Amino acid sequence: MSSLAQKKGFGAVIWDYLTTVDHKKIAILYLISGGFFFLVGGLEAMMIRIQLMKAGNDFLSAGLYNEIITMHGTTMIFLAAMPLLLAFMNAVMPLQIGARDVAFPFLNSLGFWLFFFGGIFLNLSWFMGGAPDAGWTNYASLALASEGHGIDFYSLGLTISGFGTLIAGINFLVTIINMRAPGMTYMRMPLFTWTTFVASALILLAFPPLTIGLFFMVFDRLFGANFFAVNMGGNTIIWEHLFWIFGHPEVYILILPAFGIFSEIFAIFSRKRLFGYTALVFATILIGFYGFMVWAHHMFTVGLGPTANAVFALATMIIAVPTGIKIFNWLLTIWGGSISFTVPMVYAVAFIPSFVAGGVTGVMQAMAPLDYQLHDSYFIVAHFHYVIVGGVVLGILAGTHLYWPKMFGTMLSEKLGMITFWFFFIGFHLTFFIQHFLGLMGMPRRVYTFGADQGWDLFNMISSVGALFMAIGVLVLLVNVVLTTVKNVRVGNDPWGDGRTLEWAIPSPPPFYNFAQTPLVRGLDTYWIEKMEGNKEGMVYAEPLGDVHMPNGSIIPLIMSFGMFVAAFGALYFLDDTKPWALAVLIIGLGITFGSMLVRSLKDDLGFHITKEELIEDAKRGGNTDGLK
Amino acid sequence: MAHDTPEKIRSHAEHEYLKKKRSTEMRHQLTSFAIMIFLTLIAFTMVAAGFSAYLIVPIILLLAAVQVVLQLYHFMHLSNKGHGTVAFFMFSGMFVAFITVLALVTIVWW
Amino acid sequence: MDLNKRYTAQSWPDHPETATLEGKNKFVGFWLLLAAETVTFASLFATYLALKDRGPDGSEFTAAGLFELPLVFAMTMILLTSSLTSVYAMYHMKNHNFKAMQAWLGITVLLGLTFLGLEIYEFNHYVHLGFGYTTSAFSSAFFTLVGTHGAHVLFGLSWFIALMIRNSKRGLNMYNAPKFYLAALYWHFIDVVWVFIFTVVYLMGVIG
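Just so you know, the protein sequences line up as chains A, B and C, in that order.
Residue numbering for the first sequence follows this note's numbering, starting at 3 and increasing by one per position.
Residue numbering for the second sequence follows this note's numbering, starting at 97 and increasing by one per position.
Residue numbering for the third sequence follows this note's numbering, starting at 523 and increasing by one per position.
Next up, chain A with everything else stripped away, as it sits in the complex (with noise of 0.2 Å):
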C-alpha cells in the first residue's frame, strides 16, 4: 500500500492529527489551542477592564476578580503565549535547518498532549469549585490561606503542561544539535533557529525549579507537608526564589522567539541580510547567560539585604545591553533596505518603539531604591504589558501573518491584516501607557476597585477603551482566518518573495517528508543564495533521490498524558473525607500513564520509508500531499 494518502473523510482527520507525530501538524495543534487559549485570556483581560472602567464598580465581586485576574496571567504566559510561540518553532525551526523531522517526534506529540491536558485541568477549575485566586505568582503565603481546590488546580495544571514544555524544549535542543543540513553550522543558523536553541536552553534548566516548586505547594496542601507554613518552621520565601528562578528566564523563553521572528522578518522585508548577525547571535547567548542572574529583581521589597539587592540590580542592567545590541543591529539592518511594509513588517517596526519603552521602563525598576516605590502599582503592570505584549504578542501576530502562508499554503488578507494591526496596536498604547501614570499616581496593582474620590477614574477608562480596541483587532483577525480559509487560494514555495532561509525553498504546505533529497546549505540565507546565482530549484542537494525513513503516528502519547489528567484528580481530592474514591483515581491515573509507557517501550516502532518511486510521483502532483499511510 502507498504511503502516500489520498482524500481522507473527516473522522481520518480527527484521528490523523490525535496520532500525529508529524512537527506541521503538531505545530497546527499548538497553534489553535494556544489561539484558544489566547481568546480566553483575552475575555478575561476584558472583564477585568470592564470591572475597572470606573470607580465603585460590582460587575464582578472581589473574589471573582481574584480569580479572573489570576486565570489572566497563568493563562496568557502558560497556555497561550508559550504554545503560540511552541507551534512557529514546530512549523519552522526543522525546515529552517532542513531536517525531516524533529529529533524525538514520539517526544513532540507527547509534549502537546501534556501542555494540552494540563491547560484544561487547569481551566476545568472554573467549573469545578472555583479557580486559583493567588496571582499567577501564586506566593505561597497566599496560596496556603486560599480556601478550595483553586490552588491545587493551578499547581497540578501547571506541573503536567510543564512536563510538556520540558519535552519540547529537550527535543528542540538536539534537532539543533543533531539534525542540521550538511553545511548548516552553528554560525550559518537563521536567527529563529537560534532563538529557538537558546530559549529552549532556557526551558531546559529553568523549568526543573518551577516543578520543584509546584510538588512542594501541591505537597502542602494535598499531602500535609510544610515547605512554606511556617508555623511548622517552613519558609515562603522559598517559593518566591522557585517561583522566580524559573520566571525570569521565562521572560526571555517567551521574548527570544519573538525577537528570532521578528530578525526573519527584518531581514525579508528589507531584502537585506540581517546587519551584524554575529553581534545577534552572541546577543541573544548572553541574553540566555544574564536571564538566569536576575531572578531577585522581582523581590527587592522582600528584604534581602542590601548586597543582594546590589548585586541583582547590577546585574538587571547589563542586561539591558545585548538587548540594546539587537535593537540597533535591526534598525541598521532596515537603514538602506529596500523597504516594503507587509503586515508582519509593519509589526516588526512597531514593535521597536513599544519593546524599547519597556525595556526602559524595566530598566527604571532595576534600580532597587525606586522600585520600592513602583512596587506592586500599576507601573509594573504597563511595564511587563509593554514588553509582554509590546514584544511577545506582536512577535506572535506577526509571525502568524508571515507563516501563515507556510503552515496552510493560503495568505491571510494584509487588508485585514493592517485593520486587526492598527486597532491593536493603537488599543494596546491606550491601555498600558497610562497606566504608568495610574501606577506614578498610586493605585496598587491586583485591586478589585478603587474610589470615586482617587482621581483615577478618567484614566481608567481610557484604558478600558483601549482594550475594546485591542479586542476588536483580534476579532478582525478571527474573521481575517475564517475568509482566508474559505477562499483558499494556494500559494507558492515563497509566497512572500523574498524569502531567504530553506523554508521557503519547498512548497506550501511542505510534503510531510519536508525534504525529498537533504539540502547542503551553502551558506548563511542559503536560498537568498541559491535565488541569486539563479538556481532554479531553490536549493542544492547532499544526497541522490533515495528511500525516506519515517516514524510511525501514535496514539500514546494522548494516552500518556490523559493518565496524567486523571491522576491529578486523585491528587485533588486525596485529602478531601468526602472522596474516598480520590486514591483510586491517582492510581488508576497513574496506572495509565506508566502502562502506557510501558507498551511503547516494549513495543518496537521502528517507522516506516517512503520509496524514491512514491516520491517521485509525488513531486509530480505539486509534492505537497498530506502524508500517512
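Simulated from the structure, these hints should not be mistaken for lab results.
What you are looking at is a predicted structure, and each value in this text was computed from that prediction instead of being measured.
Below, computed lysine-lysine pairings styled on DSS-like, alpha-carbon distance capped at 30 Å:
hint : chain 1 : residue 1 : chain 2 : residue 2
1    : B       : K115      : C       : K548
2    : C       : K691      : C       : K701
3    : C       : K548      : B       : K117
4    : B       : K116      : C       : K691
5    : C       : K691      : A       : K605
6    : C       : K621      : B       : K177
7    : A       : K533      : A       : K614
8    : C       : K701      : C       : K621
9    : C       : K691      : B       : K104
10   : B       : K104      : C       : K548
11   : C       : K701      : C       : K548
12   : A       : K605      : B       : K104
Given the coordinates of chain A, assemble chains B and C onto it according to the supplied hints.
Below, chains B and C alone, put in the same frame as chain A:
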C-alpha cells in the same frame, strides 16, 4: 544515510587492539572506583573521629566534588570525543544548580 | 534499521550507542535531561538546606540527633559498588558479550534492590520514632529530597529489569544498545546525587 545500519567489519588486528584498549580502560575504571571508595572512607572517618565542623565541612564537600568528577569523567565518559555539547549543557546545569543552592542558603530572609 | 541483523564482536561498532542517528539523538537528549535533573536536585538540596532542623516550636528532631552513620555507610558502599558493576556491564556491551552484560546488570539490580530495601527500613525507622512526613518543615524537606532520589533508584531498577527481560531472547542490536547505555548513564547519575546526599544530608547533618 543516517538510518542505515553501519556495516564495518574490523580486521583481526584492529579488533584485538580495541579489545585491549577497552580492558585497559576497564582497569582505569577500577582505579577510579578504588579512589571513590577511599574518598568515601576518609569522609566518614573524619566525621566519626569528631573533628571540628569548620574543618570537616569544606573537606567533605571537596571530596564529594572529586567523586562527582570521577563519576562524570570516568564512569560517564564525559571527557570522550563527541561529548563537547552535552558537557556544555551539563556545566550550565551545574551553574544554575550552584546559584540556586547559593541563593537558598544565603538570602532566604528569616 | 533491521532488528534481525546479527552482529559479531568484530562487526559490532566501537560506539554502538551513537552509531545510528536515533542513538545519537537519544544520547544527546538524555544528557540534556540529566542537566535538567541536576537543577531539579539542586532545588531540592537548596530547600533542604534552608529548612534543615526547622520545625514547630518545641520540635525535638534535628539532623544531628536523628541520623546514624553505619546504615548510611552501608548504603553508600552498596550504591557505589553498583555503579562499578554497571560499568562492567557496559564494558561487556561494547565487547558484544550479551550474556556477561546481562549478568553484571543482574548484579547491579540486586545491589540496587538492597539499597532500596535499606532506605525503606531507614524511613520506616524514622516514622516509628515519630519523625513522619508531616512532622515539621525539616521532615518534609528531608523525605522529599531523599525520597525523590529513592524514586529515581526505583525507576532506574525498573528500567534495567524491563530492558533485561525485553531483550533476553534477542541479544544486542543497534536498536537496544543505546537504551542499555542510557540506563547505565542514569544509574551513574543516581550515584552522583547520592554522593551529595550522604555528604550534605547525613555527614553534615551528624556534625550539626
